[in-house]
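K.L.:
Once you've looked at the hints, dock chain S against the given chain V.
Residue numbers (the numbering used here), protein chains in the order written: chain V, 1 to 294; chain S, 1 to 327.
Hints listed in this document are in silico derivations from the structure and should not be mistaken for laboratory results.
Errors might be hidden in some of the hints.
Unchecked claim - Think about it this way: if two alpha-carbon atoms lie no more than 27 angstroms apart in a straight line, the pair counts; the simulated DSS-like pairs of lysine-lysine are:
#, chain 1, residue 1, chain 2, residue 2
1, S, Lys267, V, Lys96
2, S, Lys181, S, Lys4
3, S, Lys184, S, Lys199
4, S, Lys184, S, Lys3
5, S, Lys28, S, Lys199
6, S, Lys184, V, Lys96
Predicted, not measured: the structure shown is a model, and the values here were computed from it.
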Amino acid sequence: MEIFGYPLPMIMSQLTLGLVNGSFYAMLSLGLAVIFGLLNVINFAHGALYMMGAFVAWMGMAYFGLNYWFMLVLSPLIVGVFGVIIEKTMLRHLYKLDHLYGLLLTFGITLLVEGIFRSFYGVSGQPFQVPEALAGATDLGFMVLPNYRAWVVVASVGVCLSTWYVIEKTKLGAYLRAGTENPKLVEAFGVNVPLMVTLTYGFGVALAGFAGVLAAPIIQVQPLMGQNLIIVVFAVVVIGGMGSIMGSILTGLGLGVIEGLTKVFYPEFSSTVVFLVMVIVLLIRPAGLFGKEK
Amino acid sequence: MYKKYGYLIAFAIAVAAPFVGYPVFLAKLLCFALFACAFNLLIGFTGLLSFGHAAFYGGAGYVAGNAMKMWGWPVELGILAGVAAGGLIGLVMGALAIRRQGIYFSMITLALAQMVYFGALRAGEFTGGEDGLQGVPRGKLLGVIDLANDTNLYFFVLGICVLAFALIVRTVHSPFGQVLKAVKENEPRAISLGYDVDKYKLLAFVLSAALSGLAGATNMLVQGFETLTDVHWTMSGLVILMTLVGGMGTLAGPMLGAIIIIALENKLGDWGIFLTNATGIEWFNTIGEAVNMVVGLIFIICVLLFRRGIIGEFIAWFGRNGGKKTA
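Chain V on its own, in the form it takes in the complex:
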């Protein structure tokens, strides 16, 4: 069976790969949106922390013989704690200043973290096995689906939806949303806002770390793996706007799919298609698809 002269299995395979990439975009842009909402900081270090998540998982498995599932939980926690330290020692001092300083600081952190990993591990990829339970592939009749890819999509969509639920439907989320609107007032009601800010940053970067562990068996684990990704995620954020949690998730997944399909029909454009979409959105709807200017 063919569509526009391209075999269906090829299209489906790029489509799932697109969904996998889209899941990473979704998780990263979600983290960026949550952090930006409360801290007014665009976390450039998100790509580096994604890389760190993958590396910590690899280290745990290579040096300590821990298994994948354990690292899937532990690695985001470690990245989250690292984030808390960054927030407590550095970011905290910049909230009263122009937003651009937050961007510049996290840009510096990116270069530093990537540089440190690079000085120890070079730029070649580290081997990372797919966990045994998810090895192999399932034949769906119209295509062969590698199990691990299915798991990545399910796990990240699950995490994204839980985050959406917590923020939009629970009391904790209500505090968070209120803190985004008016931190002073929330503090007057007895909520510990500085703690909330710290934990939000920790959670946002832990999401990046989680995405990193999920990506590790698919993408080569190497110090610069987050570099190009973060720029694409920035474009995703510009396209979606940071006003809505669900918007970030949908934009991320959607752009992953578009990118996957471009790889089939017009491979030369696959690395720039997200940026082209960004240009179109800027021309038609400058505030972004789900955006409200802040």
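P.N.:
Chain S only, in chain V's frame:
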């Protein structure tokens, strides 16, 4: 008063320098100094943080390189072609980016510059892809002065930089520059006073991009080649750092910052070897390769402790102790 002496001393040093140091390296320093000043026109005087200046710098280098090598244009026209290319990319990028404000502006410029990077990676003969554009002849200035001579080349570059710097100073102090300052300080107010803020922002963006193109094309002339390094986003980051170290919004700061950062980049390997010998820790040897790590560290220190930059701190200190205000 003091500023005039400062410029005179700086100019005297710049004239004397090629007789002491290596002219090609010094010419490279000048190009980066000009690049940082052009960038500062935007961040320091209009309040727009562009994360995409590498696109103008490198893009202009490629165009100028092709003009001189492939099309056989004389050096003056080649550099002008680079300036035009920088301005043109700036016009497109600026028109898109000013549709959003603040932090979004930075993200859009970064994403668009990444597009230029991918374009350069795949542009075949024009950029040479991963290999870069090699062996661009320096040519003769006005058909007479041979630029293959390093000292001649240096003074040609110095002339370009002085003229460009004069243009920047003039712009900053012109009525146009005052409007830009108003946009930086309080955009809604500038709008309410009847200024078409977007037009001013775009004009400043194009001017900064064209001057960055001038720096990029000149740097290509000095090196004789153009590679992907110059269009990569690390270059955009580097020019931000130069400006930050020297002092955003000061006229002389970016030049000083550029000199410090480039000199540091050059000497880092030596310091790494020195530290390895002194401490016996092998790891320091790798510092020379991981320049980015040190650049990142300086970034963090500057943002946390040193936001005004060297010249900025100096002016602030002078303002406190001298009792006089220097702008």
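K.L.:
Look at each hint and say if it fits the structure.
P.N.:
Now the hints, each set against the structure:
no., hint, result
1, S:Lys267 / V:Lys96, "violated, 36 angstroms"
2, S:Lys181 / S:Lys4, "holds, 23 angstroms"
3, S:Lys184 / S:Lys199, "holds, 14 angstroms"
4, S:Lys184 / S:Lys3, "holds, 24 angstroms"
5, S:Lys28 / S:Lys199, "violated, 33 angstroms"
6, S:Lys184 / V:Lys96, "holds, 17 angstroms"
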